[in-house]
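Number of protein chains: 2
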Amino acid sequence: MEKNWTDLSNKEIDKMQKIAKSAAKLFNEKGYLETSMDDISNAAQLSKGGIYHYFSSKNEILFFISANFMDLLLRGLEEELQKIEDCFSKLKYFISRHIKFYSQYLSEAKTVIHEAHLLPPDYFKVIADKERQYHQIVSDILFDYFEGKIEKDRLKAVAFILFGTCNGIYYWYNPKGSITPDNLSEIIGDILCVGLTGYKQQKGDTGGF
Amino acid sequence: MEKNWTDLSNKEIDKMQKIAKSAAKLFNEKGYLETSMDDISNAAQLSKGGIYHYFSSKNEILFFISANFMDLLLRGLEEELQKIEDCFSKLKYFISRHIKFYSQYLSEAKTVIHEAHLLPPDYFKVIADKERQYHQIVSDILFDYFEGKIEKDRLKAVAFILFGTCNGIYYWYNPKGSITPDNLSEIIGDILCVGLTGYKQQKGDTGGF
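For the protein sequence lines, the chains are A and B, in the order given. Under the numbering used here, read the first sequence as residues 1 to 209, first letter to last. Under the numbering used here, read the second sequence as residues 1 to 209, first letter to last.
It is possible that some hints are incorrect.
Repeated chains share a single entry, so a pair holds when one copy, or any two copies, can fit it.
Simulated pairs of lysine-lysine, PhoX-like, Cα-Cα distance not exceeding 25 Å [to be verified]:
1. Lys130 / Lys18
2. Lys110 / Lys156
3. Lys110 / Lys25
4. Lys156 / Lys92
Simulated from the structure, these hints should not be mistaken for lab results.
Construct all of the structure, not just a fragment, from the sequences and the given hints.
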C-alpha cells in the first residue's frame, strides 16, 4: 500500500502536518491505542469532520507521521554521503544528521519507534521498508569502515548499537535545555566514532571481529 | 508505598516470579494497558483466583516485576565496585554487568523501561527512586572518570547516552542468536569505554567539556 499525497496543495499539506504534529505529541503522552480521534481533534483545534477531511482513520494519521519522518531521514542522504570521501567522515556525518533530525522532530521519532508497528500490515510494510533502507545505508558505511573484515552478525549488532545510542535520547533530551542539538550530536559523534575506531583497532590487532 | 514480600516462603516467591515472567512477556507483546488479568491467568496457566491469591491487582504485578528487576541491578553493586580500583575498570564492569542482566531478563527490562511509568504515583515513586539510585552510581563513576572536569549537564547527557546504548538492545537482541550476551557486552563495552576515553582526551586537550 502506498498512499499518494502528491496531488495536495501546500496549504493542505500544512494543515495535515499540523494535525500530525498534535497527534504525534498525544501518541507520545498517552500511547497510540489510548488516543482517540476526539483527543486529536481537541489538540489540533479542528472539528472531527475537519480531521476526517484529511485523514480517513487514526491509522492513516500514524502512517502519515511515520512515512514523512522516514522520508525526511532518507531524502538526499545517499547523495550527501557520496560527496564525502572517507568512511570515518561518512559515519560522523550520518550520526550528526541523524541526531539533528531526531532532536528536531522528537515526537515524530518517538512515534515511529514506539507506535508504527501497530499499523495494519500493509501500511507497516511501507514503513519497515523505509527503515530497512535507512539501516542498510549505515550498515554499508560500517562495512566499508571495517574494510569488510567483520562478521555479518557483528556488523548488524554494531549498527543496532549505533541506532540505540542515538535513539535513546528521546527519553531524556530537552532540545531547549543547556545542551543544544549541536552539542549533543558532537558528544554522541565523539563517543561513537572514537569508540568504533577503538573497536576496529582492537579487533584488527587480535585478528578477528 | 513499599510492599513487603519478605514474609513469603520460597515456594510462594517462585510462584509469583512465574506469574510475573508470563505477565512481563505479555506487557512486551501487547502493552500493559491492553493486557488483562484474564490474559495473565491464561499465560501463567493459573486460575484468576490463583493469581489474585498472590497479587491484588495488575498494578501490583507490574510493581513486583519493576521492583524486583531494579533490586537485581542494585543488589551488591556498590560493594562490587568498591573492590575495583580505577574508574575505567569500574565503568567497564558496570557496563558488562548491566548488559548481562538486561540480556538475561529482557522482558523485565523492557517492562521497566516502557510500562513502569503507568504505575499509580505511590508505586511509581519507589521504582523511580531505585532508578535514580542506579543512575547516581554510574554518574559518580563518570564524574571520577572525567576527574570532576565535566559540566553537570554534560555529565547527565553522557550517563543517559551510556544507558541509551545499553538499553537499546532489547529492540533487536536475541540472546539465543550467534552473538552471546558476553560478546554483546564486550562489543558495547569496547565501543563505549574507548569512546569515552576519546571524548575525555579530546575535550581535555581543547580545555573544556
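**OP:** If the cutoff is 25 Å on CA atoms, where do lysine 110 and lysine 25 land: within, between, both or neither? Let me know, please.
**Re:** both (9 Å within a copy, 22 Å between copies)
Subject >> Within, between, both or neither: lysine 130, lysine 18 at alpha-carbon 25 Å >> reply: Within. Shortest intra-copy distance 23 Å satisfies the 25 Å Cα cut-off; inter-copy 39 Å does not.
**OP:** Check lysine 156 against lysine 92 for me: Cα-Cα at most 25 Å, and say if that holds within a copy, between copies, both or neither.
**Re:** This pair counts as both: shortest intra-copy Cα distance 18 Å, inter-copy 22 Å.
**OP:** Up to 25 Å between alpha-carbons, please classify lysine 110 paired with lysine 156: within, between, both or neither.
**Re:** Both ways: lysine 110 and lysine 156 sit 22 Å apart in one copy and 21 Å across, limit 25 Å.
The structure is consistent with each of the numbered hints, conforming to all of them.
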